[in-house]
Amino acid sequence: MARLVAFIIFAGLWEWGATSANSILIPTFTETAKALFETMFVTGDVWPALWISNIPMLIGYGISVAVSVPLGLAMARWTVADRMLNPITALMLALPIAPLVPVVLVALGMGMTPKVVIIILFSWVFITTNVRAGTRQVDRHLVEMARSFGASEREVWFRILIPGAIPAVFAGLRIGLGRAFAGMVIVELIMLPVGIGAQLMDYRGDFKADLLYATTIVVVMEAVLLAIAMQAFERHLIRWK
Amino acid sequence: MTSAVQKRPITGPEPTAIERWLRELSSNWGGIALIALFWEIAGRLLNQLWLPPFSKVVARLWDLLTDGTLAPHILSSLTVLVTGFAIALVFGLIIGTLMGLSSWVNAALDIYVNSFLFTPGLIFAPILFAIFGLSDATRVSVVVIYAMFIIIINTAAAVRHVDRPLLEMAASYGASRWTALVRIVMPDAFPLIIAGIRMGVGRAVKGMVNGEMFIALIGIGGQAAKFGKQFDFTSVWAISVFIMVIAVIINQSVSRIEQRLTRWVG
Amino acid sequence: MSSIIDIKGMSHAYGGAGGTLALSDVNLEIRKNEFVTLLGPSGCGKTTLMRAIGGLVTPTSGSVLVNGKQVRGPNLDCAIVFQNFALMPWASVLQNVAFGLEMRGVGKAERMEKAREAIALVGLRGFEDKYPKQLSGGMQQRVGLARALVVSTPIMLMDEPFGALDQQTRRYMQEELLNIWQQDQRSVVFVTHDMEEAILLADRVVLMSNRPGRIEEVLDINFERPRNPEEVERMPEFIELKEYLWNRLRQMHEMSAA
Ligand SMILES: Nc1ncnc2c1ncn2[C@@H]1O[C@H](COP(=O)(O)OP(=O)(O)O)[C@@H](O)[C@H]1O
Ligand SMILES: [Mg+2]
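Chain order of the listed sequences is L, A and H. For the first sequence, this note's numbering gives the first residue as 93, with consecutive numbering after it. For the second sequence, this note's numbering gives the first residue as 568, with consecutive numbering after it. For the third sequence, this note's numbering gives the first residue as 191, with consecutive numbering after it.
Everything labelled a hint here was simulated from the structure, so no lab data went into it.
BS3-like cross-link-like pairs, simulated, lysine-lysine; straight-line CA separation at most 27 Å:
{"hint": "1", "chain 1": "L", "residue 1": "333", "chain 2": "H", "residue 2": "320"}
{"hint": "2", "chain 1": "H", "residue 1": "298", "chain 2": "L", "residue 2": "333"}
{"hint": "3", "chain 1": "H", "residue 1": "323", "chain 2": "L", "residue 2": "333"}
{"hint": "4", "chain 1": "H", "residue 1": "222", "chain 2": "H", "residue 2": "304"}
{"hint": "5", "chain 1": "L", "residue 1": "126", "chain 2": "L", "residue 2": "300"}
{"hint": "6", "chain 1": "H", "residue 1": "222", "chain 2": "H", "residue 2": "259"}
{"hint": "7", "chain 1": "H", "residue 1": "259", "chain 2": "H", "residue 2": "198"}
{"hint": "8", "chain 1": "H", "residue 1": "304", "chain 2": "H", "residue 2": "323"}
{"hint": "9", "chain 1": "A", "residue 1": "796", "chain 2": "A", "residue 2": "623"}
Stretch by stretch, here's where chain H covers chain L in the computed footprint (C-beta under 8 Å, at least three residues):
{"hint": "10", "stretch": "229–236"}
{"hint": "11", "stretch": "242–252"}
{"hint": "12", "stretch": "255–268"}
No residue lacks a Cβ here, since even glycine has one placed at the ideal position from N, Cα and C.
Make a model of the complete structure from these sequences and hints.
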């Protein structure tokens, strides 16, 4: 109910504001809704662009997960690994990736590889640090309990540390996906507009404001859907929380 | 019962805070020095345009800072950052508090707030650029979009999850709604709100850099983009390192302030 | 009677010599099938002493022998009921109780059956499939108790196992524990800070004191077995003992406050 009222107010304000601004750059709510419907279901223009942008994101994210989760677990369990990797993660957390995009491009050439690498650069450190922090939070008393009942190191890993770390791993995966997605958007918008970024630039250049807005909304919807899917998956797996 | 279930790190006994800080600092500085050394050697051996040795990067940063190339851009960036963050802070706190207090407001807005939170803020840059063009308003609004929603979310959560027994206590001593808000709700919510503000600062810096990279003309990010297009990677690295140092300094100061302000949380 | 646990000149400091001295020169022999309670103010090293017997800490000096052998690493002759419950939050009550049997390589069907029995014994029938978060503190503590009971070790180490229970459940659990112990005998080291509980259950009460933790006095408790707690509590000797312990603990408190 509240949502509906808010939506109507929001749409009404938009419609009224855009009409009175009467600018070629600001579409009304109804124009945007129409363009959204068209680009999604009539012309279908948005899908190929979205797909092109998403491929490197998915590959990069996959690689990032495969590398970062074990790194985070190792850092949580072994002081040596922690000592070695801590300076790197500390630096990487603070290093801005966006300005370095051209550096990666020159180092790796054109094509898909630099994009995948940039996505990895955007996401890996967040996954690793989250997994590390969460795994360290696993109740130390449980390790002691397991030992007292005769658990081996292997059993401690599989029965205590890994199940205990799962919430943290998932938090890491969720945050990492958000970062990979941000990496995709940033690459598209500031350096290599080939997919959704190229489309947005074209619409802006051609003053197709309605499609510019509609396409932006599609990207927002994808981000929200990904986040919701991750959360649902997480909740499904971690019912004991 | 002497202790409830306590969570401790699983590696070794817990060092004191000072020990931990010293250890972290020394190990990290050692490690950072190693990384710089490694960078220097790799830069000299590979001899690639995209990886200049660390010493060259530092020297270039010094030049850029002293010859006046960067100064106006730094000033411009900081103005945008401060303006954008201030707007994000004011609106974030107000909207967040309203969402925390009223389930109606919360239900009305949570979809939008969460959507903005999940979405990389830069996606709105083309729209903002179409509306505001090259004026500072474009960059300021990117910063606002980056920073505001995390402040809203944390403030709303903090206000909503205020300690019920504490509120009942206040009511039983005759506190009015307003008094309860000022004396109980806000102090109780304070640590979480501050944490949201800290994250907001971090995001604001990102928004500033990314927004400027997008416009590719003004501010530090704009300079980085310009040098990138000219294949002047020594300058790109110099600016990246500079942004990193600034980000760390801002982050540390905010954390320091946060700790100072929330000492009573223990 | 032969001793099953033999602690000689044991001291322990956390963080190595020079760290917090938790226990200083402890000497204690515990006989087979004996029920010993450790009583003392919090922080006097009761948990540390139990962890040393269970092999979870290696004392910085002195020795702990179980069955004549030096304890090195986790001691599988002991089952521990942990003060903080130490339940796996992601595992059901049934899986938690069966954990010890699983680690000992007991087959699935058998360990599930035994775990169910133990769960019924501690009064938790019907809660087998719940997660720890869904139980009250007292119920969680009973899950920990069932997990320790079910591995039937010759020694059971119980760290304030009834601390989170309300009075009635506590009494019920005390009686149940005495029954179990009476039936299939084993040695029990039972930590408590409740004087009445210490006397009611024990063959001997080990009174400990603070800073550094050490044994002050060991009292023999000679009430007839099997005991009925209600009856024992009314005996003049019980009241006398209680008063004595009360005074000793108060002295300690005043000493450490001074
Ligand atoms: N893991 C630990 N690291 C450092 N000190 C500890 C640790 N565990 C206990 N201590 C200290 O050792 C002393 C004895 O603790 P403990 O055995 O838990 O006492 P009790 O169980 O009698 O309350 C206390 O001063 C406590 O602070
Ligand atoms: Mg204790």
